[in-house]
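Letter by letter, the chains look like this.
2 protein chains.
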Amino acid sequence: MYDLIIVGAGPAGITASVYAARKRLNFMVITKDIGGQTAWSGDIENYTGYQFITGPDLTAKFEEHMRRYNVDLREEEVVSIEKRGKHVWVKTLKQEYEGKTAIIASGKKSRELNVPGEAEFKNRGLTYCATCDAPLFAGKPVAVIGGGNSGLDAALQLNKIAKYVHLINISPDLTGDPIMQEKVSASPIISVLNNTKTLAVLGDKFVTGLKIFKDGKEELLPVEGVFVEIGLIPNSGVAKDVEKNEWGEIKVNSYNETNVPGIFAAGDVTDVPEKQIVIAAGEGSKASLSVFKYLNKLR
Amino acid sequence: MYDLIIVGAGPAGITASVYAARKRLNFMVITKDIGGQTAWSGDIENYTGYQFITGPDLTAKFEEHMRRYNVDLREEEVVSIEKRGKHVWVKTLKQEYEGKTAIIASGKKSRELNVPGEAEFKNRGLTYCATCDAPLFAGKPVAVIGGGNSGLDAALQLNKIAKYVHLINISPDLTGDPIMQEKVSASPIISVLNNTKTLAVLGDKFVTGLKIFKDGKEELLPVEGVFVEIGLIPNSGVAKDVEKNEWGEIKVNSYNETNVPGIFAAGDVTDVPEKQIVIAAGEGSKASLSVFKYLNKLR
Chain A
5 MYDLIIVGAG PAGITASVYA ARKRLNFMVI TKDIGGQTAW SGDIENYTGY
55 QFITGPDLTA KFEEHMRRYN VDLREEEVVS IEKRGKHVWV KTLKQEYEGK
105 TAIIASGKKS RELNVPGEAE FKNRGLTYCA TCDAPLFAGK PVAVIGGGNS
155 GLDAALQLNK IAKYVHLINI SPDLTGDPIM QEKVSASPII SVLNNTKTLA
205 VLGDKFVTGL KIFKDGKEEL LPVEGVFVEI GLIPNSGVAK DVEKNEWGEI
255 KVNSYNETNV PGIFAAGDVT DVPEKQIVIA AGEGSKASLS VFKYLNKLR
Chain B
5 MYDLIIVGAG PAGITASVYA ARKRLNFMVI TKDIGGQTAW SGDIENYTGY
55 QFITGPDLTA KFEEHMRRYN VDLREEEVVS IEKRGKHVWV KTLKQEYEGK
105 TAIIASGKKS RELNVPGEAE FKNRGLTYCA TCDAPLFAGK PVAVIGGGNS
155 GLDAALQLNK IAKYVHLINI SPDLTGDPIM QEKVSASPII SVLNNTKTLA
205 VLGDKFVTGL KIFKDGKEEL LPVEGVFVEI GLIPNSGVAK DVEKNEWGEI
255 KVNSYNETNV PGIFAAGDVT DVPEKQIVIA AGEGSKASLS VFKYLNKLR
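Taken in order, these protein sequences are the chains called A and B.
Taking the numbering used here, I'd label the letters of the first sequence as residues 5 to 303.
Taking the numbering used here, I'd label the letters of the second sequence as residues 5 to 303.
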């Protein structure tokens, strides 16, 4: 039996594992991927200590840091996390693990548009990951859907790659960081369409266009790529018994405790007010230190 | 008038300034020093993304990151932070500044022993900063007072420098991280004295010894250096009106708000449950994002 099972290996899970290792806990990490959303990020300029680093490079630094401690890392998909008796049971598609405690650091996943054509053209011109797929659209006309930071980040990733970029924003104004809005304004190939709703994704074998609604009428936008960046939803479904807020985020107190003793949570899957790499890392550290105190009955 | 005045430039203040700059706020930073406790730390192995870095090196990375944004940084000593009317006033020994908001990120300072001889021999053999002063004690017998992480860190910093190190711990067991305890045990020159109280610092022009109480009797320990590492107290005295806990830490909610609207706080000066570089950095980010929302009346 483990002292601690960490679910997820983004900034929160990785930092939790570094702290658990330094506290000499007998722990394991279960995750589908390494780095989480950081791995798909473009340029990162706000992780303190790295003025400028790409998402994949920061992920590599994080992974090396974690692996330095010979962590017991399993690449498996978790299907449930529950407390039975005094312990926490984490079930994956392969087997079930027993721990005295668990930290849920499973992050978030992309929200879907829910319009006709979305499912049909997924990976056939429609994608949720600009970092992964932007290079596939060199010289092509594309649309990015979403006016927040992830939408702006995607548009900027496509800035030197695509032929042109329609940035489609359902709201009257962009909501991303001013510094990113300035970069978008400065781009000769990005045009912002505010107050614009996406109605359908069109195509043949691959995406050929978007049907949008703007200024009171439907319009057809010929594009060959569609990047959906309309927000994220927490990967909290596997934890049935822990309390969540209206957005499905796991509620934690300042000790990263959930309502279930022994189950802790950290990072973007929780209701921490802001979702940032440096915040998720701090929360992962705090969660492991709380687990250490819980195991030693210090709290 | 400023949108935001950040007091302190440790991991919390610096991260707050990076986020404020990226939100294009009109802000300034007032601080006595750069890096705070990080600058005096020895080896840092738990700031995620840097497997191993010294305190001064990480401080340099942080400072470069902050200065990249041409921050308005004043090296002044703050004497009071208060809300008058709708704004926050930060008074230093030189002048007074007006801001719509402030983030207090002033960190902690070393706790004193309060024994005879301490004040007399300060900087004459007695120090609170192993990183700054360890090299001055090459080949000399020294004592480190404190059995927590800072005591262990100081002892390890002296490990390859001093003749021998008495690690004086008032408790029955060391309380620092197991991984650091192991390194202390492995050292041939560090000896741990548990259940030991320091009674006085002795000397002539410089420190010559420590009077301790152990196993029911007084004892004299001949040393030429004394490193006091018995904990930290928050630099919160300048903020008279904000609510604090019994240890003088500023109470904040998960948005880093204090009880005074417009005054925020982040990092080691607050009641955040754990004091770690990565946690303070995360808190600084969260505080600036909360200030941004406050200024835009989003919250």
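Hints are computed from structural coordinates only; laboratory data are not their basis.
Hints are not guaranteed to be accurate.
Same chains, same label: a pair holds when it works inside one copy or across any pair of copies.
The calculated BS3-like cross-link candidates involving lysine-lysine, where the alpha carbons are at most 27 Å apart (straight line), are [to be verified]:
id: 1; residue 1: Lys167; residue 2: Lys87
id: 2; residue 1: Lys201; residue 2: Lys98
id: 3; residue 1: Lys301; residue 2: Lys279
id: 4; residue 1: Lys279; residue 2: Lys144
id: 5; residue 1: Lys297; residue 2: Lys187
id: 6; residue 1: Lys95; residue 2: Lys112
id: 7; residue 1: Lys90; residue 2: Lys215
id: 8; residue 1: Lys65; residue 2: Lys215
id: 9; residue 1: Lys113; residue 2: Lys248
id: 10; residue 1: Lys255; residue 2: Lys164
id: 11; residue 1: Lys297; residue 2: Lys248
id: 12; residue 1: Lys209; residue 2: Lys27
Each hint, compared with the structure:
When the C-alpha separation of lysine 167 and lysine 87 is checked against a cutoff of 27 Å, the pair qualifies neither within a copy, at 52 Å, nor between copies, at 52 Å. Taking CA atoms no more than 27 Å apart as the test, lysine 201 paired with lysine 98 passes in neither setting, with 42 Å inside one copy and 55 Å between copies. When the C-alpha separation of lysine 301 and lysine 279 is checked against a cutoff of 27 Å, the pair qualifies only between copies, where the shortest distance is 20 Å, while the shortest distance within a copy is 30 Å. For a Cα distance limit of 27 Å, the shortest separation of lysine 279 from lysine 144 qualifies neither inside one copy, at 32 Å, nor across copies, at 49 Å.
Proximity of lysine 297 and lysine 187 under a CA criterion of 27 Å is satisfied inter-copy only: 22 Å between copies versus 46 Å inside one chain copy. In the homo-oligomer, the alpha carbons of lysine 95 and lysine 112 lie at most 27 Å apart inside one protomer (19 Å), although the nearest pairing across protomers, at 43 Å, exceeds that limit. Taking the shortest Cα distances, lysine 90 and lysine 215 never come within 27 Å of each other, neither inside one copy (54 Å) nor across copies (48 Å). In this assembly of identical chains, the alpha carbons of lysine 65 and lysine 215 never lie at most 27 Å apart, being 41 Å within a copy and 47 Å across copies at closest.
When the C-alpha separation of lysine 113 and lysine 248 is checked against a cutoff of 27 Å, the pair qualifies only within one copy, where the shortest distance is 16 Å, while the shortest distance between copies is 38 Å. In this assembly of identical chains, the alpha carbons of lysine 255 and lysine 164 never lie at most 27 Å apart, being 40 Å within a copy and 47 Å across copies at closest. Proximity of lysine 297 and lysine 248 under a CA criterion of 27 Å is satisfied in both settings, with 24 Å inside one chain copy and 23 Å between copies. Taking identical chains as interchangeable, the C-alpha atoms of lysine 209 and lysine 27 are never at most 27 Å apart, the minima being 54 Å within one chain and 42 Å between chains.
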